[in-house]
Amino acid sequence: MTGIRYFDIRHVRGEVTHIDSENGRVESAGTSFLDRAIVRVLGPKGWGILSLDTFERPGRENLDEILERGSRLASLTQQEVVLADVPSGTIPVPPLKEDPRSIDLPEKEGFLLEIEKAARMTGITSTRASYIERFEDVYFGDSSGNEYSYTICRCGYSVLAVAVRGGEMQMGYRRRHALQDFPLRHMQDDGRKAARRALALLDAKRPRGGRMNVILDPELAGVFAHEAVGHASEADLVQEGGSVLGGRIGHAIGSDCVTIIDDPTLPEFGFEPVDAEGSVVGPTEIIKKGVLNAYLHSRETLAAVGHGHAGNARAMPGEPPQVRMSNTYIREGDSSVDEVIAECRRGIFLIGTRGGQVDPGRGVFQFNAECGYIIENGECGQMVRDVSLSGEILSTLHGISLCAGDRRMHEGYCGKGGQSVPVSDGAPHVLLHDAVVGGSGSD
Amino acid sequence: MDLIEKILSAGNAKADEVEIYLSTGRSVTARLKRREISYAAGSDNKSLAIRVISGGKIGVSSTSNPGRWEPCLDAALRSAQLANAQEWKGLPRPDPAGGGWINFDQTLIPDPARAGGLLQDMVEGAGAYPVEITSGSAEISRFSTVLANTNGLFREDRESLVSIGLEAIREQSTGYEFETSWKADIDAVEVGRRAAFLASSSAGGRDIPTGTYDVILSPVALAQLVEACIIPALSGRNVHEGRSRLAPLLGEEVFDPALTLTDDPFHPRGTGSCLWDGEGSVTRRLPFIERGVLRCFAYDLKTAYRYGKESTGSAVRSGMGGGISIGVHCATLDGPRCNLADEEGIWVHDVVGAHTANPLTGDFSVELSNAFLTRGGHFEYPIKSAMLTGNVFEMLKGTEGISREERVVGAFVLPSIRLKNQRIIGN
Chain P
1 MTGIRYFDIR HVRGEVTHID SENGRVESAG TSFLDRAIVR VLGPKGWGIL
51 SLDTFERPGR ENLDEILERG SRLASLTQQE VVLADVPSGT IPVPPLKEDP
101 RSIDLPEKEG FLLEIEKAAR MTGITSTRAS YIERFEDVYF GDSSGNEYSY
151 TICRCGYSVL AVAVRGGEMQ MGYRRRHALQ DFPLRHMQDD GRKAARRALA
201 LLDAKRPRGG RMNVILDPEL AGVFAHEAVG HASEADLVQE GGSVLGGRIG
251 HAIGSDCVTI IDDPTLPEFG FEPVDAEGSV VGPTEIIKKG VLNAYLHSRE
301 TLAAVGHGHA GNARAMPGEP PQVRMSNTYI REGDSSVDEV IAECRRGIFL
351 IGTRGGQVDP GRGVFQFNAE CGYIIENGEC GQMVRDVSLS GEILSTLHGI
401 SLCAGDRRMH EGYCGKGGQS VPVSDGAPHV LLHDAVVGGS GSD
Chain C
1 MDLIEKILSA GNAKADEVEI YLSTGRSVTA RLKRREISYA AGSDNKSLAI
51 RVISGGKIGV SSTSNPGRWE PCLDAALRSA QLANAQEWKG LPRPDPAGGG
101 WINFDQTLIP DPARAGGLLQ DMVEGAGAYP VEITSGSAEI SRFSTVLANT
151 NGLFREDRES LVSIGLEAIR EQSTGYEFET SWKADIDAVE VGRRAAFLAS
201 SSAGGRDIPT GTYDVILSPV ALAQLVEACI IPALSGRNVH EGRSRLAPLL
251 GEEVFDPALT LTDDPFHPRG TGSCLWDGEG SVTRRLPFIE RGVLRCFAYD
301 LKTAYRYGKE STGSAVRSGM GGGISIGVHC ATLDGPRCNL ADEEGIWVHD
351 VVGAHTANPL TGDFSVELSN AFLTRGGHFE YPIKSAMLTG NVFEMLKGTE
401 GISREERVVG AFVLPSIRLK NQRIIGN
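Protein chains in written order, with this note's numbering: chain P, 1 to 443; chain C, 1 to 427.
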């Protein structure tokens, strides 16, 4: 075959076990199987990519046929793709703390039902819990002779409680995910916390939106780092001209207490032992003391854009790699949480997250808190609900004036381009001056 | 056929009923980076989902390797042992009305060159305005599915889909437009032109003060809010499990009396239109909300049997392996049609963060994307940054009309809608 400059194969086989329970009944429980591969062929210009279900790792003859198909697709491309020459290799996957496969499904059901049962307090009218366990056997090989394989386990559960009083209905939820561990033991307290949150929200008021000082708890501040900074630092967007952070390396884009890091080597939910194109993974200081320092990269974007290192190409099984975050966090400061609240004086304290979204080209983000508290005279007061935060990335980062010393990480999934990958976000409590808060209250 | 009969036969020996859902498909995708095609991809997809029922216990499993169906069947049988038993009156039987497919265009062939041509057309269309193209994609796919069960039901379906999108930017103003259809009728030049128009005309936006405004939501913005809050509240499962605020309101007025919300599985433009649902029940038009009054909820077989209802043909297959959930095939909104932009208001093309709305209560706060102050049928000026905040259920109680034009957005075919007195948080 002529014109093939490079190819790689990423093949994932795995098992996904789930349990769904609702109001004390097991609705569904069982195991499904996945077997998907992605083959990328770099032709004279760009990529030809094949996504294949039911994949048998090819011998020489089959490989030629697959590469021929990829080559034909690549011949349609116009953009000359260059791959940066970067180190390839893996780091060890952290050992399993407790192997979920050693626990049978009925026992797992029992643990989950106990968590759900703990949520059924007086005033709670509906509960739901779910568990998911995913084992993936990943193989990577490329035309440069690099070959890696590893097995990784990710599990998680969530519990939801619905409280009703009169015509009011509110929900509270807790969710946890674990890397290389079984997370269901002794977690009934999460059921109780979900229920208490739902009940408390019945008495919370809707805040009146507007500009005000805001304290973000570590979970929501982590979402802020992810949505407002992480996505805009993904260099595929920078390469396309679709990120407000493009061309700003070396610029002060935030206050000097802001340092934001992405690190796939941390043994958190977004851990990767090697990225989806075989590159060595490592930490990236995206913002260093308020100054934009680096972007997140694949080999292609590193060659095209520069500033950083490869190792952030990630992919769902059978999907092409994209530049993605892994474990992203705001570095802790040296203030106490009490100091952060006192410094806020008047504003709102936002807690937990219902998710967020960003338009990286426009530089605008939005995310929603699970609840909050009005702050008056430097003290927490009335609980509020259905409150969100939006703003412009570049001005908002300058509004961060204090970071506490209590960073915590929270796990979740991040969507981009139709793919969802495991990530974690983290931060300490953060004080944000003069932010736009959304709420539909009238007083 | 052999594979399906083999699985049904092996499963029938161990369970009361067995259902197979086998999906095979091919798709091609081409992507733009700026103005050039950076990659072309082809995809061969297969998936097999097995459901078994024994003594009212339902077990499920799926695999992306149908050749390895035996472990999948074993897993489904084990899954059934773990589930709680429920009232169960059987999987659907063959329907004498026969079959056929209603959203398959045989001229829509997954040809990479054709996908590349759609991208070029969008680039051409975007040339109408002074913008930079950041990215774009075009995908053409064909799927065939077989749904079979041990009651003798065997339904074969074919679907085609073309989906394109383009993102453009001018200074710091972005515009994204897209189009999806099951037939080869999309105008890629026009999609490119619209994306460029949004980016170009949103540049130089002005701040607006916080206050109450009349708001016109485009089908794109409306679909996201309806999907986040209204559709989950119409699911029979959420209704009976205590997670829908509409549960006690059957027969009562919940929308503006001028509005009718329907699931129309036979809509000629619906990309999810179908003659039978994901488990083989015959589909029908469901007038969820008729002239403002809540008329019905959506059910699949499992939920219907449990609560003494009838399936409304609302089972949809989604996710890896095609698991069953309750959903809509093609939701439509009808009401008084008029020119929405004649009077002053804020026209909103898109919103950021609709998925963060509270699905139980309907409360939301979203950032506006490509919003304009309109007056006398014209865009007066773009709005730089503002939030729309409110409650989806309350919002739809007072409308001032819907547009004559409609567009396909996911599982919806929707018009624009004009809403009175909405709260906007400006800068």
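Derived by calculation from the structure, the hints in this document are not laboratory data. Note that this is a predicted model, so its numbers are computed, not measured. All C-beta atoms in this analysis are idealised placements derived from N, C-alpha and C, irrespective of residue type, glycine included. Keep in mind that a hint or two might mislead.
Only pairs whose alpha carbons sit at most 27 Å apart, straight line, appear in this in silico BS3-like list of lysine-lysine [said to hold, decoys possible]: (1) Lys57(C) x Lys117(P); (2) Lys193(P) x Lys205(P); (3) Lys89(C) x Lys309(C); (4) Lys416(P) x Lys46(C); (5) Lys205(P) x Lys420(C); (6) Lys309(C) x Lys205(P); (7) Lys46(C) x Lys89(C).
Just a few of them, taken from the derived set where beta-carbon distance is under 7 Å, the chain P residues facing chain C [stated by the list, open to error]: (8) Arg25; (9) Ser32; (10) Gly46; (11) Thr54; (12) Glu56; (13) Gly59; (14) Thr122; (15) Thr125; (16) Val162; (17) Ser255; (18) Ile351; (19) Arg354.
Here is what the structure says about each hint:
1. Lys57(C) x Lys117(P): Measuring from Cα to Cα gives roughly 22 Å; hence the hint holds.
2. Lys193(P) x Lys205(P): holds (20 Å)
3. Lys89(C) x Lys309(C): Judged against 27 Å, a Cα distance of about 11 Å means the pair holds.
4. Lys416(P) x Lys46(C): Answer holds: Lys416(P) to Lys46(C) is near 23 Å, not above 27 Å.
5. Lys205(P) x Lys420(C): At roughly 24 Å apart (the allowed maximum being 27 Å), Lys420(C) and Lys205(P) satisfy the hint.
6. Lys309(C) x Lys205(P): violated (37 Å)
7. Lys46(C) x Lys89(C): Violated - the C-alpha atoms of Lys89(C) and Lys46(C) are around 30 Å apart, more than 27 Å.
8. Arg25: Given a least distance of 4 Å, the restraint on Arg25(P) holds.
9. Ser32: Holds. Min distance 4 Å.
10. Gly46: OK, holds: Gly46(P) within 7 Å of chain C, min 5 Å.
11. Thr54: Cβ of Thr54(P) sits 4 Å from chain C, so the hint holds.
12. Glu56: violated (10 Å)
13. Gly59: violated (18 Å)
14. Thr122: Nearest chain C Cβ about 15 Å off; hint violated.
15. Thr125: Nearest chain C Cβ about 4 Å off; hint holds.
16. Val162: holds (6 Å)
17. Ser255: At 20 Å from the nearest chain C Cβ, Ser255(P) fails the 7 Å test, so the hint is violated.
18. Ile351: It is violated, given that the least Cβ distance between Ile351(P) and chain C is near 14 Å, above 7 Å.
19. Arg354: holds (5 Å)
In this structure, the hints that do not hold are numbers 6, 7, 12, 13, 14, 17 and 18, in rising order.
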